[in-house]
Amino acid sequence: MYESEILRKAPRDNAGTCHLSGRTETCAMSDITIRPLHVHEQREAYELAMRAYHLSPTDSGWKRWLEPLSADRRFGAFLHGTLAGVISAFSTELTVPGGRTLTVAATGGAAVRADYSRRGVLTALMQEQLRDCAERGEKATYGWGPTSATLYGRYGSGIATNSKNVHITSRNAIFRNDTPTGGAVRMLRNSDAIPLIQEIYQSAASYRPGMIRRPTGLWPDDLGSTSSEHNVAVHTGPQGDDGFVLYRPVNFSHDGPNLQADLFVDDLHTTNPHAMSDLWRFLTSIDLTSEIYAPMRPIDEFIDLMLIDPRQYRVGEVQDHTLLRILDVLEALAARSYRRAKPVVMGIVDRLFPENDGNYRISSQGVERTGHAAQVRMGVETLAMIYLGAWSPSTLAIAGRINVLDAEAISAADELFRPTTAPWCGTSF
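Just so you know, we're using the UniProt record's numbering here: the sequence shown kicks off at 1 and counts up by one.
What the hints contain is simulated information worked out from the structure, not anything from laboratory work.
Fair warning: this is a prediction, and the values are worked out from it, not measured in the lab.
Treat the hints with caution; some may be incorrect.
To be verified - Derived Cβ-Cβ restraints for the label pairs, each shown as a range: (1) G81 / Q365: 50 to 58 Å; (2) E368 / I286: 49 to 57 Å; (3) D72 / A261: 37 to 45 Å; (4) S148 / N258: 41 to 49 Å; (5) T370 / I174: 52 to 60 Å; (6) S363 / T236: 35 to 43 Å; (7) D59 / A261: 25 to 33 Å.
Positions of the beta carbon are idealized from the N, C-alpha and C atoms, including for glycine.
With these hints in hand, go ahead and build the complete structure from the sequences.
Given below as structure tokens:
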């Protein structure tokens, strides 16, 4: 058992209230102990997390919880011996602009018992996890689908990617003749498809910023089973297999003269526009289907422009998709590439990791610390928002997130950070 050095130094005004033996007592953050969970504590932690997310514990969920993906990176927060919260992580590689990868901790599963909320438990867990990730040499943390949009900025995280939920009326979705095409789509038995689609995914992940190396444990549990409800189709182009879609039928209906069902797209990844349009064309051509629902698709995937009637394609919601917390600013900035533009000196402020504070000269040739005056200044959470290309510096300057000290620098910063493709994660974790 150990306590975080950060927590021992935490100010006492973070005190909260905890419940002990049916009574209410004052409880400071120094009373919170953070440590890795033991094997016999995993079931309690799993049930705590499920209830915190208003979900019911299940046998299949418990089985996935026990997978070694993040078991050794799961921390519990204890108050006087009672498990009050939990948080998890696993190490992976994040694709950054230019095609290189950055070693990051994929984080998730942060949960606090309802009767221990607003008592500093989440802050204790987050601070300990950030310290642990930094000590492991991970350059950033990368969190998927935050349940609360207001919590994580205080820990230095910023919205790194966005996504959109898509609906297509398949029976009326007719593709234009000039839509990119080239290749063939074939369906495969799930057990035969697994190694192939995993290879395709890794190829796709190498060119789009925001995607991660996907561990085996993040693929659907039943994908290799003969009773799986998923269907797999693979696209083959001139250079070989270059795309796949994983989908399943939902919402069966016998109300009309024929059986109808909707299609739910769980996964669709390609390495080029031809494969992407061909796979969507395949989905809309499947008989006895009415609607196609595809959640969390890339912002720059414009299927509507490929249809004769673009209104058959509808965007239901655009949402933040992942959060990035940069732990080593110099290493993270040096890992990605930049477009040709006049160099810009950026001043970065990081209240949790002051070693990141300072000015960085950024150019198409690389990044270095500098003693020159900053031309723009921002918090580390704002740097995370421009790092993969989800937001332009000028947009964030207009919003007041970037302090512009040299008016000419902001347009240069826009060009330096301008992405060739919208960042997107495409993996739930």
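Tested hints:
no.	hint	result
1	G81 / Q365: 50 to 58 Å	55 Å, holds
2	E368 / I286: 49 to 57 Å	54 Å, holds
3	D72 / A261: 37 to 45 Å	42 Å, holds
4	S148 / N258: 41 to 49 Å	44 Å, holds
5	T370 / I174: 52 to 60 Å	56 Å, holds
6	S363 / T236: 35 to 43 Å	41 Å, holds
7	D59 / A261: 25 to 33 Å	27 Å, holds
Checked against the numbered hints given earlier, the structure satisfies every one of them.
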